[in-house]
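Here the protein sequences come in this chain order: H and U.
Using the numbering used here, you'd call the opening residue of the first sequence number 274 and step up by one each time.
Using the numbering used here, you'd call the opening residue of the second sequence number 212 and step up by one each time.
Do not take every clue at face value.
Claimed, not checked - Not everything, but these chain U residues come out facing chain H in the computed CB check (under 8 Å):
1. 322
2. 337
3. 342
4. 348
5. 350
6. 497
7. 499
Unchecked claim - Derived, one-sided and incomplete: chain U residues facing chain H with beta-carbon distance under 10 Å:
8. 275
9. 279
10. 318
11. 326
12. 338
13. 343
14. 353
15. 357
16. 360
17. 370
18. 372
In short, the hints are calculated from the structure, not lab data.
Even glycine gets a Cβ: it sits at the ideal position worked out from N, Cα and C.
This is what each chain is made of:
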Amino acid sequence: MRTVVIGVGNPYRRDDGVGSAVAELLRDLPGVEVAQSLGETTDLMELWDGADLAILVDAILVDAVRTGPARPGRIHRLSVPAAGCGAASTHGPGLGEAVELARVLDRLPARLVLYAVEVTDVGHGRGLSLPVAAASRRLAERIRAEVSWCA
Amino acid sequence: MTHRSDRSLSVAGLARVEGEGAMHVRVDGATVTDVRLEIYEPPRFFEALLVGRGYTEVPDITARVCGICPVAYQMSACAAVEDACQSTVDGTLADLRRLLYCGEWIESHALHIYLLHAPDFLGYPGAVELARDHRPVVERGLSIKKAGNELLTLLGGRAIHPVNVKVGGFYRVPAREELRRLVTPLRRARDDALSTVEWVAGFEYPDFAHDHELLALVEPGRYAIETGTPTTDRGLTFAVRAFEEHVIEEQVPHSTALHATLAGRGRYLTGPTARYTLNHRWLSPLAREAARSAGLGTGCRNPFRSIVVRAVELVYACDEALRLIDGYEPPAAAAVEVPPRAGVGYGATEAPRGVLFHRYRLAADGTVDSARIVPPTAQNQACIEDDLRRFVAARLDLSDERLTYECEQAIRNYDPCISCATHFLDLHVARTVQ
Numbered sequence: 274m275r276t277v278v279i280g281v282g283n284p285y286r287r288d289d290g291v292g293s294a295v296a297e298l299l300r301d302l303p304g305v306e307v308a309q310s311l312g313e314t315t316d317l318m319e320l321w322d323g324a325d326l327a328i329l330v331d332a333i334l335v336d337a338v339r340t341g342p343a344r345p346g347r348i349h350r351l352s353v354p355a356a357g358c359g360a361a362s363t364h365g366p367g368l369g370e371a372v373e374l375a376r377v378l379d380r381l382p383a384r385l386v387l388y389a390v391e392v393t394d395v396g397h398g399r400g401l402s403l404p405v406a407a408a409s410r411r412l413a414e415r416i417r418a419e420v421s422w423c424a
Numbered sequence: 212m213t214h215r216s217d218r219s220l221s222v223a224g225l226a227r228v229e230g231e232g233a234m235h236v237r238v239d240g241a242t243v244t245d246v247r248l249e250i251y252e253p254p255r256f257f258e259a260l261l262v263g264r265g266y267t268e269v270p271d272i273t274a275r276v277c278g279i280c281p282v283a284y285q286m287s288a289c290a291a292v293e294d295a296c297q298s299t300v301d302g303t304l305a306d307l308r309r310l311l312y313c314g315e316w317i318e319s320h321a322l323h324i325y326l327l328h329a330p331d332f333l334g335y336p337g338a339v340e341l342a343r344d345h346r347p348v349v350e351r352g353l354s355i356k357k358a359g360n361e362l363l364t365l366l367g368g369r370a371i372h373p374v375n376v377k378v379g380g381f382y383r384v385p386a387r388e389e390l391r392r393l394v395t396p397l398r399r400a401r402d403d404a405l406s407t408v409e410w411v412a413g414f415e416y417p418d419f420a421h422d423h424e425l426l427a428l429v430e431p432g433r434y435a436i437e438t439g440t441p442t443t444d445r446g447l448t449f450a451v452r453a454f455e456e457h458v459i460e461e462q463v464p465h466s467t468a469l470h471a472t473l474a475g476r477g478r479y480l481t482g483p484t485a486r487y488t489l490n491h492r493w494l495s496p497l498a499r500e501a502a503r504s505a506g507l508g509t510g511c512r513n514p515f516r517s518i519v520v521r522a523v524e525l526v527y528a529c530d531e532a533l534r535l536i537d538g539y540e541p542p543a544a545a546a547v548e549v550p551p552r553a554g555v556g557y558g559a560t561e562a563p564r565g566v567l568f569h570r571y572r573l574a575a576d577g578t579v580d581s582a583r584i585v586p587p588t589a590q591n592q593a594c595i596e597d598d599l600r601r602f603v604a605a606r607l608d609l610s611d612e613r614l615t616y617e618c619e620q621a622i623r624n625y626d627p628c629i630s631c632a633t634h635f636l637d638l639h640v641a642r643t644v645q
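Pulled out of the complex, with its shape left as it was, chain H reads as follows (with noise of 0.2 Å):
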């Protein structure tokens, strides 16, 4: 069973780096590889190929005319499906693509697991707004439990 978690984003973009700082909070996970991207369509399909199980962390913003007011740090979970679905495609770009490429070319993992996390800043510079911080630590957790379940 090989599982990659990977963590999507820019970390000198403020709450863009939540997905890297979810991958350092794993890094001590055993028999996972940890992985960080900035989200390149061929590096994602790279990183991901061949995997049983591939988790990606990656920030969202929201746009709050379409679907409410955003909540920085509120997790969603999305799996994709092996075939059929564009939900990732609501995301950026990068990734919605590497995901219908991977399909085409089949190369996505058996199974794929998105984690968004809603953010708020995405200025210049290090670091993460408390919410995102706290959602990045809530998730570590949560991922940890989702791996010890699927291994």
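Take the given structure of chain H and dock chain U to it, following the hints.
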């Protein structure tokens, strides 16, 4: 067609791309009145951030400027810092730098050709749709890219933002056997690159030619990558240290990247087509033959055909990497000592997208007092706008939608970062009906 006097085409940008771009074109009757390519690039931020840092930190900091061409930033930075310290890195360490750079050309060109540029010529909105109909072709592109990534990972420590480059050389150099393991994937990549040249040579290209002055580094005897003298196709040549006397940058209101011109001469173009035009005679025999059979002559002035030039450079980069690996004997030390020294240093290398210039002023203890970075995309902005102006003027009979799409293609000819942005842009076409 509707009757219109004013047409406004615009493409607005999105985040998480290296280099965010937007395009605005305004047409009044039959005249293109305004063309603006807006680019938001970070180098000014980096230049300020470098001040006060140690000279040995420069390659690691500047690698962060770009996720697609970090090696270019590291190589120009090292060249400039070593110039300031009056140190020279040559022999095997210089060869390893060239080899690392080949890895970056391979992965950057493969990405641009297959995932960003080719869909334009085959009528697909993007790589996913292309892959649906041409799966083996996209697999081939990804496999070439992977060979480049493997080179970067071995020599750079990782594929994006390498960590193994230092002023004076490397932290660690590979054993001969480690490099030998890359021979098979690189040979396969070279075969695939030759097929790539054949493939793209068969595309249909718009009839379009520009008259920009072409600027590239030239290093007699070999195709310029990590060294060379700035040279134009109209006879201008100057030392890297004189770059700022010849290249004048100025602020334009609509872009955070400076527009560059050649002093007393005007706009100029850098990048693969300029490089090919000035360096083609030094391609390896295999790459030269590939260029010949693809119909590239002694120059290339059609920006749409830059995809053919990139494919030929892909062949060359694989070929050159194999040559360097074949002759590799590990050096006695992974780096030469570069003691700090007060002074100014200049460096220029050929990034996948063109000439990348760095200049640093160091204090006696090696602290950076000032930094200047001139990236290729900034240099090419004026040419891209000029291309768009002429391109649109000749195609005013097209619908807004079609024209906007073709303008995006015209931009993608030049720059993988901007291409990356334009593939994911929201389009807003405003038109005034008379």
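Consistency of the hints with the structure:
1. 322: Residue 322(U) check passes; min Cβ-Cβ to chain H is 7 Å, inside 8 Å.
2. 337: holds, 7 Å
3. 342: holds, 4 Å
4. 348: violated, 11 Å
5. 350: holds, 7 Å
6. 497: Hint on residue 497(U): violated, closest Cβ of chain H at ~26 Å, above 8 Å.
7. 499: violated, 29 Å
8. 275: holds, 8 Å
9. 279: Status holds, d = 8 Å.
10. 318: holds, 8 Å
11. 326: This interface hint holds because 7 Å falls under the 10 Å limit.
12. 338: Since the shortest Cβ distance to chain H is 6 Å, the answer is holds.
13. 343: holds, 5 Å
14. 353: holds, 6 Å
15. 357: Nearest chain H Cβ about 7 Å off; hint holds.
16. 360: Result: holds, 7 Å to nearest chain H Cβ.
17. 370: holds, 7 Å
18. 372: Given a least distance of 9 Å, the restraint on residue 372(U) holds.
In summary, the structure is inconsistent with hints 4, 6 and 7 from the numbered list given earlier, while agreeing with the others.
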